[in-house]
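Engineer: This is what each chain is made of:
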Amino acid sequence: MKVRSSVFASFVLICEVIGVAVFLRGFFPVSVKSSLSSKSKLSDLPAEPLTGSSPNSTRLPHPLFKRVVIMLVDALREDFVFGPNGRIYMPYTRHVVEKGSSKSFVAKARPPTVTMPRIKALTTGSIPGFIDVVMNLNSPAMLEDNLIWQAKTAGRRIIFYGDDTWVRLFPKHFMEYDGTTSFFVSDYTEVDNNVTRHLDSTLKRDDWDILILHYLGLDHIGHISGPHSSLIQPKLLEMDDILKKIHNALDSKDTEGSLPYLLVLCGDHGMSETGSHGGSSEPEVSTPLVLISPAFKRKAMPAGMDIPAVVEQVDLTPTLALGFGLPISQNSVGHVIPEVLEETSLRDRLRYLHINGHQLSCLLKDTIPDYEKEAGFEQFRVAEKAHGNWMKLYLEGNTSEVLTNMGKKVLKQYLEALAAMSSCLSKQLGKYDMYSMIAGMMFVFQLLLVLLLTLPEALSAEAVVDLPVLSALVSLPFYLLCLLLASVHVLVCTSAESSCYFCSLSWGLVFAAVAFSSAMFCILVSMLTRRLLPAPTHRKSPLRSGGSEWWLSELDVLLLAGTIGHTLSLASSSFIEEEHQTWYFLLNTLCLAVFQDVCRKYFREQRNSGDEEEYILPSKDCHPSAHPKPEVFSEKWLALATPPFTLVCIRLVRSLNQTGVQWAHLPDLGHWLNSSEHKIVLSLLAAFCLVLIYFLVQRRCSLVSKVALALGLLGVYSYRAAVGNVSFPWQHSGQALSKGTVEARFVYVFVLGILFTGTKDLLRSQIITADAKLKSRGLWEIYSGLVLLFSLLFRAHNLPVLCCCLLIQTFMARFIWRKLHYDAAQTTIMHYWFGQAFFYFQGNSSNIATIDISVGFVGLESYVEAPAIILTALSTYAGPLLWTCHLVCYLSSERDRSPVAISHGCYCLALLRSVPAAAYIVLVTVLRYHLFIWSVFSPKLLYESMHLLLTAGMCLFFNTMEQSHSKS
Amino acid sequence: MWDREIRAMASTHAIIASSVFMATVLPAVFVPGFSVYGAHLSWIYSVSGAVIAVSVAVFWLLGISTPTKKHSLGYKLSRLSRSCLYFFLSCLFFHTVVVLYGAPLIDSAVETFSLAFLLTSLTTLRCLCILGPNVQSWIRVFSRHGAMSVWDTCLQITVACTVVGAWVGAFPIPLDWDRPWQVWPISCSLGAMIGFLTGLVAAPVWIHYHRKQLTYKCK
Numbered sequence: 008m009k010v011r012s013s014v015f016a017s018f019v020l021i022c023e024v025i026g027v028a029v030f031l032r033g034f035f036p037v038s039v040k041s042s043l044s045s046k047s048k049l050s051d052l053p054a055e056p057l058t059g060s061s062p063n064s065t066r067l068p069h070p071l072f073k074r075v076v077i078m079l080v081d082a083l084r085e086d087f088v089f090g091p092n093g094r095i096y097m098p099y100t101r102h103v104v105e106k107g108s109s110k111s112f113v114a115k116a117r118p119p120t121v122t123m124p125r126i127k128a129l130t131t132g133s134i135p136g137f138i139d140v141v142m143n144l145n146s147p148a149m150l151e152d153n154l155i156w157q158a159k160t161a162g163r164r165i166i167f168y169g170d171d172t173w174v175r176l177f178p179k180h181f182m183e184y185d186g187t188t189s190f191f192v193s194d195y196t197e198v199d200n201n202v203t204r205h206l207d208s209t210l211k212r213d214d215w216d217i218l219i220l221h222y223l224g225l226d227h228i229g230h231i232s233g234p235h236s237s238l239i240q241p242k243l244l245e246m247d248d249i250l251k252k253i254h255n256a257l258d259s260k261d262t263e264g265s266l267p268y269l270l271v272l273c274g275d276h277g278m279s280e281t282g283s284h285g286g287s288s289e290p291e292v293s294t295p296l297v298l299i300s301p302a303f304k305r306k307a308m309p310a311g312m313d314i315p316a317v318v319e320q321v322d323l324t325p326t327l328a329l330g331f332g333l334p335i336s337q338n339s340v341g342h343v344i345p346e347v348l349e350e351t352s353l354r355d356r357l358r359y360l361h362i363n364g365h366q367l368s369c370l371l372k373d374t375i376p377d378y379e380k381e382a383g384f385e386q387f388r389v390a391e392k393a394h395g396n397w398m399k400l401y402l403e404g405n406t407s408e409v410l411t412n413m414g415k416k417v418l419k420q421y422l423e424a425l426a427a428m429s430s431c432l433s434k435q436l437g438k439y440d441m442y443s444m445i446a447g448m449m450f451v452f453q454l455l456l457v458l459l460l461t462l463p464e465a466l467s468a469e470a471v472v473d474l475p476v477l478s479a480l481v482s483l484p485f486y487l488l489c490l491l492l493a494s495v496h497v498l499v500c501t502s503a504e505s506s507c508y509f510c511s512l513s514w515g516l517v518f519a520a521v522a523f524s525s526a527m528f529c530i531l532v533s534m535l536t537r538r539l540l541p542a543p544t545h546r547k548s549p550l551r552s553g554g555s556e557w558w559l560s561e562l563d564v565l566l567l568a569g570t571i572g573h574t575l576s577l578a579s580s581s582f583i584e585e586e587h588q589t590w591y592f593l594l595n596t597l598c599l600a601v602f603q604d605v606c607r608k609y610f611r612e613q614r615n616s617g618d619e620e621e622y623i624l625p626s627k628d629c630h631p632s633a634h635p636k637p638e639v640f641s642e643k644w645l646a647l648a649t650p651p652f653t654l655v656c657i658r659l660v661r662s663l664n665q666t667g668v669q670w671a672h673l674p675d676l677g678h679w680l681n682s683s684e685h686k687i688v689l690s691l692l693a694a695f696c697l698v699l700i701y702f703l704v705q706r707r708c709s710l711v712s713k714v715a716l717a718l719g720l721l722g723v724y725s726y727r728a729a730v731g732n733v734s735f736p737w738q739h740s741g742q743a744l745s746k747g748t749v750e751a752r753f754v755y756v757f758v759l760g761i762l763f764t765g766t767k768d769l770l771r772s773q774i775i776t777a778d779a780k781l782k783s784r785g786l787w788e789i790y791s792g793l794v795l796l797f798s799l800l801f802r803a804h805n806l807p808v809l810c811c812c813l814l815i816q817t818f819m820a821r822f823i824w825r826k827l828h829y830d831a832a833q834t835t836i837m838h839y840w841f842g843q844a845f846f847y848f849q850g851n852s853s854n855i856a857t858i859d860i861s862v863g864f865v866g867l868e869s870y871v872e873a874p875a876i877i878l879t880a881l882s883t884y885a886g887p888l889l890w891t892c893h894l895v896c897y898l899s900s901e902r903d904r905s906p907v908a909i910s911h912g913c914y915c916l917a918l919l920r921s922v923p924a925a926a927y928i929v930l931v932t933v934l935r936y937h938l939f940i941w942s943v944f945s946p947k948l949l950y951e952s953m954h955l956l957l958t959a960g961m962c963l964f965f966n967t968m969e970q971s972h973s974k975s
Numbered sequence: 146m147w148d149r150e151i152r153a154m155a156s157t158h159a160i161i162a163s164s165v166f167m168a169t170v171l172p173a174v175f176v177p178g179f180s181v182y183g184a185h186l187s188w189i190y191s192v193s194g195a196v197i198a199v200s201v202a203v204f205w206l207l208g209i210s211t212p213t214k215k216h217s218l219g220y221k222l223s224r225l226s227r228s229c230l231y232f233f234l235s236c237l238f239f240h241t242v243v244v245l246y247g248a249p250l251i252d253s254a255v256e257t258f259s260l261a262f263l264l265t266s267l268t269t270l271r272c273l274c275i276l277g278p279n280v281q282s283w284i285r286v287f288s289r290h291g292a293m294s295v296w297d298t299c300l301q302i303t304v305a306c307t308v309v310g311a312w313v314g315a316f317p318i319p320l321d322w323d324r325p326w327q328v329w330p331i332s333c334s335l336g337a338m339i340g341f342l343t344g345l346v347a348a349p350v351w352i353h354y355h356r357k358q359l360t361y362k363c364k
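Chains A and B are the protein sequences, given in the same order.
Heads up, the first sequence is in the numbering used here, so the first residue is 8 and it goes up one at a time.
Heads up, the second sequence is in the numbering used here, so the first residue is 146 and it goes up one at a time.
Okay, chain A solo, but in the shape it has when bound (with noise of 0.2 angstroms):
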């Protein structure tokens, strides 16, 4: 099957996209949410079940402790206190673990081990994924229903001293805080000092309920020098000595009759056997969890310590809620530890057991579809009809001896009711979906291999793709291969402990899929043969259709490592974190590799101009000495003088707005504009570009859009005056503020009234007339349309940048692509290039936070949602996207050089597009137990989509230009 390269190209990207899709949905599984702002309400307490009679009271037991210490060690992993070692690390801990009144347990964290999601852990009770993150990206505070917010309101009062991040997460909850940052990982002393000072003027003092300690020290010397270190014995030490002082103080200050204390010491995650976390391996994700209170029997035995019980770490959540008499906040995936209420009295243990599992049962309600079939959820029904008769005998005054055993029965019932539920909740959450990662990997390889496959054909004068399709779809191959992997389909959906996405798909959908995947692969093993086979009797060169020997310039020999250079930098998280580097870095050369080729051009023909057929460049057409004198003399110095030009903008406009991680905090230009003061600076900036883009873009317009393009700019500035950006010579400076949605609204009425001149206008090129001036102009009509709508989202200091673009794409192709006679491939690498640094350019990073979300408000009176992500998006990537609309119109443009220039500019897109996205499937899956995994690869994973999802829509639209060129 003969299909042309751009519809192949698009072909190839739209599958892309769904298989992208299930790839994503497999990586950021669905997190347990009942709601995100909800919290649960003591009055929303279930009453204690009562069977015959009406409910009678929904009020909690008493609280079991009073005061609670919670000492949290970064990376203290379980053996440093339960292991043989442990005795010589925390000699004061092992005593009081092996003869005191306290209970310990392995406390086993989930992945990913990193601080800031083990805290949300500790405190919610769930386990936070990175589609968490995503969902309240505009503010770091927690806004989930969690332990400390709960505390808080029910007036106790807490102190925190440690690691900032609590400090981010909870601001305004803690009554004194001091928070240490873990920003310099050398240094191991200082932190936990910061932590200490506080300790004994606040020991001493009565005003506090809760105190929250966490200690930073031992994580750093982990990452330092790895767990054997020698650092680590002193480090342990200092916390024994702190463990003991808070358990002395708290001691002393116990008096009988009054609840007794809580002293909690735990650690977030554990760490590797060199020194590492962020994992899922056994010494990661165990730590120890020591609970000393003298409500705890004192042990009778001193004989050694046993194993300790394994917890999952989310369990301690319900029990300190419940400890305090505190509601359990709503998202909570864990149970009470049942041993902590060993010594309540067993209606009270029935009443805890209670309320945790109404709380799992509402939680699993809002989870899973069809809640009732789980086994949990009927234990917990049955459990609950048993309490209630219990209930009823007990408030009678049966004291026998039945009715202990009966209520131990039903104890026991709702533990394993609660663990049942605990279990299949947590299942749900914290994994990766594997199968369908790698169902979703494989689509996009299979994809990305044809399309390498096709390359030569692809980049042909022809630029016509030959499919063996027909062949494919009747081998006995695919037959086999379909069978294959339908059976393997069923043999992991019905294997898999933990639900798969792809298995909850329909069986058209997967047997499509499959089908699909497997015509896919016989496609591709044919071409491979095809290509194999028949010994090539002489290459063709990729990149230059009309070269005969294999042979590529400086410039070509750079644009290929660029881009395999750039796609290899995926894999180092701080290069993700300064892509914009990258893409700076690349483009400068890439200015300077053209310099020199321009350079070459005009130097080397002035000099041989008689002497001798000179090859400077694959040119095929007549000298520049055909033209008149002086406008060839001005025409070469222009083109000389265009790349150091560019460069010049390119250097301006980084220092608009500093991106990244590590030189985030420098001040820059964009800062400096929006300060107070130089307003009016900022005004003239912006009239002064506004005016450039008006000449820079007019020019291929009708008379209609250039009025209309006109109006639409002055709309801009005066809604960037309305909002109180820039101002007006005339206006005051105590003017009221407005939303500005009246002139945004204006605007867009011209945005829209642009593009639909340019599309009525490309309409009748095609259907009614074939003409070729007036698709040119439609097209570019619409490319005005797009940079009116962009000069309007853009912030006002950022109109410099589309300024620079629009100058840049002016002279580069009317004196380099065009009189260079780059050919389109090399054209839509280099637009590719000015794309993705324009990205960074706007001030956008590979991190979420950089979005800039108040563009989905502009001209709008409230949050609409469909609209607003459009808006956003679109501003997001608008410098890919107009860069993208400059290729479309600069190579249809250049139709009467080579009709195929649209086809071979869609299909390098496509393909600079796939390879790195799915290069960075293959490396996050690779890397998916990365420490930076949430912060830094899952962010890039996002924008590597969204951005093939674009470029998908760009390569449709490109088709439509191709499809209407072939009619005409």
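No lab work stands behind these hints, which were simulated from the structure alone.
A few chain B residues that don't get close to chain A, going by computed Cβ distances all over 10 angstroms:
#1 Arg149
#2 Ala153
#3 Val165
#4 Gly183
#5 Ala198
#6 Phe204
#7 Tyr220
#8 Pro278
#9 Pro325
#10 Ile339
Cβ-Cβ distance ranges computed for the label pairs, FRET-style:
#11 B:Ile284 - A:Leu480: 54 to 64 angstroms
#12 A:Ile876 - B:Ile284: 51 to 61 angstroms
#13 A:Thr817 - B:Arg289: 28 to 38 angstroms
It should be emphasised that the depicted structure is a prediction, and the values quoted were computed from it without experimental measurement.
Using N, Cα and C, we set each Cβ at its ideal position, and we do this for glycine too.
For chain A, the structure is supplied; the task is to place chain B on it using the hints.
Structural biologist: Just chain B, lined up with the frame of chain A:
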């Protein structure tokens, strides 16, 4: 004759390379507090000075540069002053390029200029020594198929190696390793120096193995 030229080139390069080595080692022995990382700028200037002095001396002794027809003192002086001017202009040129690549404009201007000075003394100075202050011949040498002698080819190789070395040296700057050599401009100047040394080794070797293919038009 070719073998003789290649041998001359190899020995010249050996002398220059050893001067770089000495300029690194000797101050480290005699000047307290001197180290490549710690006192990087003084290292740059010491190495550049050594390379300048040795190159000028060696090439003058060898007499490679194009024979001048006039021998008057005034002509020689004007050549010298033009060379100095070109040297300074080249420093400015490299400085501008490095700033365009993203080096801070004002903050670390001294460091950037030192790097530009190093690059100039590794590249432009050789051009000045071999080709003289003659822009036309520079353009000829650095355009494709422009080499007219073994020394031209050698110049192409060493200059390309040095520039590429400095270019590659910028790669590790964004990494968050917090190493002493990631400080601006250490990695770039080290990259340039390593590239230069590689070029010194590679040029005679490459020319030696390609001496059959190398055919030069007569001057």
